[in-house]
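*Asks:* Here is how the chains run, residue by residue.
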Amino acid sequence: MARTAVSGRLIWRAATVAAAHWETPTARTLVLDVPDWPGHLPGQHVDVRLTAEDGYRAQRSYSIASAWPHPEGKVELTVQRLDDGEVSPYLTDTVEAGDQIELRGPVGGWFVWRDKQPAPVLLIGGGSGVVPLMAMVRARSMAGTKQPFRLIYSVRTPEDLLYADELRRRVRDDAGLDVHYVYTRKTPDNWPSPPKRIDVAALNTYGWPPDFAPDCFVCGPTTFVETAADILVALGHDPRRIRTERFGGTS
Amino acid sequence: MTQPGPRGAALDGNAMAGDLREIFAVDVTAARFMCAGCTHTDAVATLVVWHQSPGLVARCPNCSDVVLRVVRAPDRVYLDLRGSVRLEVPLEGS
Numbered sequence: 134m135a136r137t138a139v140s141g142r143l144i145w146r147a148a149t150v151a152a153a154h155w156e157t158p159t160a161r162t163l164v165l166d167v168p169d170w171p172g173h174l175p176g177q178h179v180d181v182r183l184t185a186e187d188g189y190r191a192q193r194s195y196s197i198a199s200a201w202p203h204p205e206g207k208v209e210l211t212v213q214r215l216d217d218g219e220v221s222p223y224l225t226d227t228v229e230a231g232d233q234i235e236l237r238g239p240v241g242g243w244f245v246w247r248d249k250q251p252a253p254v255l256l257i258g259g260g261s262g263v264v265p266l267m268a269m270v271r272a273r274s275m276a277g278t279k280q281p282f283r284l285i286y287s288v289r290t291p292e293d294l295l296y297a298d299e300l301r302r303r304v305r306d307d308a309g310l311d312v313h314y315v316y317t318r319k320t321p322d323n324w325p326s327p328p329k330r331i332d333v334a335a336l337n338t339y340g341w342p343p344d345f346a347p348d349c350f351v352c353g354p355t356t357f358v359e360t361a362a363d364i365l366v367a368l369g370h371d372p373r374r375i376r377t378e379r380f381g382g383t384s
Numbered sequence: 004m005t006q007p008g009p010r011g012a013a014l015d016g017n018a019m020a021g022d023l024r025e026i027f028a029v030d031v032t033a034a035r036f037m038c039a040g041c042t043h044t045d046a047v048a049t050l051v052v053w054h055q056s057p058g059l060v061a062r063c064p065n066c067s068d069v070v071l072r073v074v075r076a077p078d079r080v081y082l083d084l085r086g087s088v089r090l091e092v093p094l095e096g097s
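Listed in order, the protein sequences are those of chains A and B.
Counting from 134, one number per residue, gives the positions in the first sequence under the numbering used here.
Counting from 4, one number per residue, gives the positions in the second sequence under the numbering used here.
Derived from the structure by calculation, the hints contain no laboratory data.
Do not rely on the hints blindly, as some may be mistaken.
What the hints assert, rightly or not - Residues from chain B shown here face chain A by an in silico Cβ test under 7 Å; the list is partial: (1) D15; (2) N17; (3) A20; (4) R24; (5) T44; (6) A46; (7) A48; (8) D83.
All values reported here derive from a predicted model rather than from experimental measurement.
Just so it is clear, CB atoms sit at the ideal spot from N, CA and C, and this is done for glycine as well.
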């Protein structure tokens with residue numbers, strides 16, 4: 134009998150943690166050296182696999198936060214710690230520079246933005262759902278393209294904001310990029326509205342009008358994604374231009 | 004993608020990309036399925052995925068019938084496609 138009918142077309146490889154830094158008290162970015170990385174599109178993810186001493190394995194998907202090409206040839210993941218998680222606490226609290234982790238990727242060809250797409254772009258992120266959207270923002274800047282981007286970023290409190298400084302800088306320096314924040318539990322001081330969940334008013338006011346036919350990318354917890362996608366359709370956006378990625382949990 | 008998924012489902016078809024890419028030479032999450040139950044068609048990425056089982060169970064976002072199942076054993080993968088009438092796979096560069 135033939136040894137294998139299905140050869141591994143995509144292989145697991147060892148990545149080395151080159152650096153790590155905290156984005157918030159519960160989210161950490163891992164900067165990885167991945168030998169022979171083939172490059173990736175913004176929105177793609179990798180699968181990370183951990184193996185315990187007894188052989189037990191756990192595998193999770195993490196969106197790639199960085200754009201490609203990367204100035205140092207690295208691949209960055211931003212991992213939000215889930216307190217009851219099997220994998221994320223290891224990646225946020227235990228792993229250190231020099232350690233190796235097993236990963237597979239890049240994968241996913243649907244929830245991706247290509248810099249050749251001419252349409253304006255509306256990005257809607259809930260919590261760490263902003264990570265693949267950040268890769269798109271970075272890729273746009275890297276490619277030097279002019280599609281207008283709007284990011285609506287829903288987050289619990291100002292302390293939970295990922296990439297806060299970089300987004301502030303990019304709004305100033307990246308022409309055609311706007312960011313609007315929705316705070317669901319606690320707002321900054323002097324914020325014009327009380328905490329609220331993403332709603333029709335936010336998407337109507339800070340998104341693109343449906344007439345502009347923007348490409349819409351929505352990523353976040355399942356309930357967040359369904360709410361935002363339903364609002365977009367109700368506002369008149371073409372469902373075929375709405376791409377979603379859910380990563381489970383509740384917001 | 005515009006239909007609310009059944010409660011309890013944590014992920015969508017995007018999360019199957021790695022396991023499917025181990026079997027197929029192309030990215031299957033960008034392929035379009037047609038559900039055998041209701042003929043709904045959309046990207047595989049929009050399937051509603053349960054992963055709290057020995058494998059991945061992907062259901063139609065429109066009628067919640069099982070469209071695709073992927074079960075990994077130590078030395079092989081079982082792919083059950085009986086809920087899909089067809090897969091329409093975009094080819095690179097086309």
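*Asks:* Now tell me if each hint is right for this structure.
*Replies:* Results of checking the hints against the structure:
1. D15: holds, 5 Å
2. N17: Holds, because the Cβ-Cβ distance from N17 (chain B) to chain A comes to roughly 5 Å (cut-off 7 Å).
3. A20: holds, 4 Å
4. R24: Hint on R24 (chain B): holds, closest Cβ of chain A at ~4 Å, below 7 Å.
5. T44: violated, 11 Å
6. A46: holds, 5 Å
7. A48: At 4 Å from the nearest chain A Cβ, A48 (chain B) passes the 7 Å test, so the hint holds.
8. D83: violated, 15 Å
This entry does not satisfy hints 5, 8, going by the numbered hints stated previously.
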